[in-house]
Amino acid sequence: EVQLVESGGGLAKPGGSLRLSCVASGFTFVNSDMSWVRQAPGKGLEWVSSITDTSSFIYYVDSVKGRFTISRDNAKNSLYLQMNNLRAEDTALYYCARLRGPSIAAGAMDVWGQGTTVTVFS
Amino acid sequence: QSVLTQPPSASGTPGQRVSISCSGSRSNIGRNPVQWYLQFPETAPKLLIYSDNQRPSGVPDRFSGSKSGTSASLAISGLQSEDEADYYCAAWDGSLNALVFGGGTKLTVL
Chain A
1 EVQLVESGGG LAKPGGSLRL SCVASGFTFV NSDMSWVRQA PGKGLEWVSS
51 ITDTSSFIYY VDSVKGRFTI SRDNAKNSLY LQMNNLRAED TALYYCARLR
101 GPSIAAGAMD VWGQGTTVTV FS
Chain B
1001 QSVLTQPPSA SGTPGQRVSI SCSGSRSNIG RNPVQWYLQF PETAPKLLIY
1051 SDNQRPSGVP DRFSGSKSGT SASLAISGLQ SEDEADYYCA AWDGSLNALV
1101 FGGGTKLTVL
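Chains as they are written, first to last, in my numbering: chain A, 1 to 122; chain B, 1001 to 1110.
Okay, chain B solo, but in the shape it has when bound (with noise of 0.2 Å):
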């Protein structure tokens, strides 16, 4: 069972917006910046949002962090067939002296 919680799966329709919550503790996302990470079948995850809600570059602004709380958002606007993948959480949490992810959620674009 992951410290951080994710909804297993999401879906959405091509245009469309949808949202992955990741929710956590006062140790891990209450303290520490959240990241999210994308990784598509076979292939090294890449980073999505770092800072709760700042992208690297070459991330399209489809893609948005926010948090509130002890809990983190991410959402994918404008959402496309090859945004397709697993998406996953972390933080590093205080009180374990360790970085914890979600559990992943795979978005399926119908």
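One chain only, chain A, in its complex shape (with noise of 0.2 Å):
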């Protein structure tokens, strides 16, 4: 079965750290395209960030450059978003997902976990 699986989501206070990873199965991870998206409570989504499948072309959001960090484990079927100096307004549910299509760019996301949840407060 094809499955994204995210975990690490939890509370942190502003300034703050956290770590989310999503591990991937039933499909070939080192080929694919991932991308992290967002939603806020009560809002629409929101991509946050996109890497390539072997991580030579990278791409966030404009609000969290500098602070968010995209990687890959090909070998453990895994990626992460590493998350520094959160602010309130990071509050929400993160997905994983694997891009499908020739690039970046013209990509789909077709596969989805089922989302961990960022909370930051003080």
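Hints are computed from structural coordinates only; laboratory data are not their basis.
Heads up, a few of these hints could be off.
[Stated by the list, open to error] The list that follows gives simulated cross-link-like pairs (lysine-lysine, DSSO-like), each with its CA atoms no further than 27 Å apart: (1) K1067(B) with K43(A); (2) K13(A) with K43(A); (3) K1046(B) with K43(A); (4) K76(A) with K65(A); (5) K76(A) with K1046(B).
[What the hints assert, rightly or not] Not close to chain B: a few residues of chain A, all C-beta gaps over 12 Å, as computed: (6) G9; (7) A12; (8) S49; (9) S50; (10) R67; (11) S71; (12) N74; (13) K76; (14) Y80; (15) R87; (16) E89; (17) T119.
[As the list claims (entries may be wrong)] If we take Cβ atoms under 7 Å as the criterion, some of the chain B residues that face chain A in the derived model are: (18) Q1035; (19) L1047; (20) Y1050; (21) N1053; (22) F1101.
We put the beta carbon where it would ideally sit given N, CA and C, even for glycine.
Using the hints, put the two standalone chains together into the complex.
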């Protein structure tokens, strides 16, 4: 079964850090571009970051640049999001998703995890 | 405010055909393929349309996508009660180097 399972969410104080993980199974992770997408409570979807299969190209939404780092370990079929200097506005459900397509720009997210919740509060 | 503009709500009766619009610009919809996602409450989004008008396997042909210039549209024919959900469009923005989403459209089946 094709599956993505996120973990690592939780509570953090403003300025704190969290590391999200996403473990893939049922497909060839090493050949897949991947993304993180978040959804604040009661709000719409917001793309956070994408990474190509070999980590050659990485992209971030402006609001997280310099604070979040996406990475992957293809040997462990795992995707990560290191979140530093967290802000209240980072509070959201974070999904990892597989990107399918000829490129990041032309890709679509066809497999999604169930999400992990990040809450930033003082 | 989202880069892509969708109506916040849409509605229809069972059996009807409804359309949801998504307006962008030359740097996103005008240049890159559009995707559509649907999301039921408390569940992860699901890919509905990719590459402007392609359906993944398992998506009924009641759902169709189209694009013209800097606007895209999702059409649902033969509306069913189970189509009641939130629908989002998305496209890569070449100027922002970012994937941008519409704000989402809540579809109500009356």
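Checked hints:
A C-alpha spacing of about 26 Å is found between K1067(B) and K43(A), which places the hinted pair at or below 27 Å, so the restraint holds. Restraint check for K13(A) and K43(A): the C-alpha separation of about 21 Å stays at or below 27 Å, so the hint holds. As the CA atoms of K1046(B) and K43(A) are separated by approximately 17 Å, the hinted pair is consistent with the 27 Å bound. A threshold of 27 Å between alpha carbons decides the hint, and for K76(A) with K65(A) the separation of about 26 Å falls inside it, so the pair holds.
Taking the CA atoms of K76(A) and K1046(B), the gap is about 25 Å. The hint holds against a cut of 27 Å. Listed as outside the interface, G9(A) is consistent with that label: its C-beta sits roughly 14 Å from the nearest C-beta of chain B, beyond the 12 Å cut-off. For A12(A), the requirement that its beta carbon stay farther than 12 Å from each beta carbon of chain B is met, with the minimum near 23 Å. The non-interface label for S49(A) is inconsistent with chain B: the shortest C-beta to C-beta separation is roughly 9 Å, within 12 Å.
Some Cβ of chain B comes within 12 Å of the Cβ of S50(A); the nearest lies about 7 Å off, and the non-interface call is violated. Every CB of chain B is more than 12 Å from the CB of R67(A) (nearest about 15 Å), matching its label as outside the interface. With a least CB separation of 18 Å from chain B, S71(A) remains clear of the 12 Å interface cut-off, as annotated. With a least CB separation of 22 Å from chain B, N74(A) remains clear of the 12 Å interface cut-off, as annotated.
Every C-beta of chain B lies more than 12 Å from that of K76(A), the closest at about 22 Å, which supports listing it as non-interface. Against the 12 Å criterion, Y80(A) stays outside the reach of chain B, whose nearest CB is about 19 Å from its own CB. In this structure R87(A) is separated from chain B by more than 12 Å, as the shortest Cβ-Cβ distance comes to about 19 Å. For E89(A), the condition that its CB be more than 12 Å from all CB atoms of chain B holds, with the nearest at approximately 15 Å.
No Cβ of chain B approaches the Cβ of T119(A) within 12 Å, the least distance being about 17 Å, so the stated non-interface status holds. A hinted interface residue such as Q1035(B) counts as satisfied when its beta carbon comes closer than 7 Å to some beta carbon of chain A; here the least separation is about 4 Å, so the hint holds. The restraint placing L1047(B) at the interface with chain A holds, with a minimum CB-CB distance near 5 Å, inside the 7 Å limit. A hinted interface residue such as Y1050(B) counts as satisfied when its beta carbon comes closer than 7 Å to some beta carbon of chain A; here the least separation is about 4 Å, so the hint holds.
Because the beta carbon of N1053(B) sits about 12 Å from the nearest beta carbon in chain A, more than 7 Å, this interface hint is broken. Interface hint status for F1101(B): upheld, as the beta-carbon distance to the closest one in chain A is roughly 5 Å, under 7 Å.
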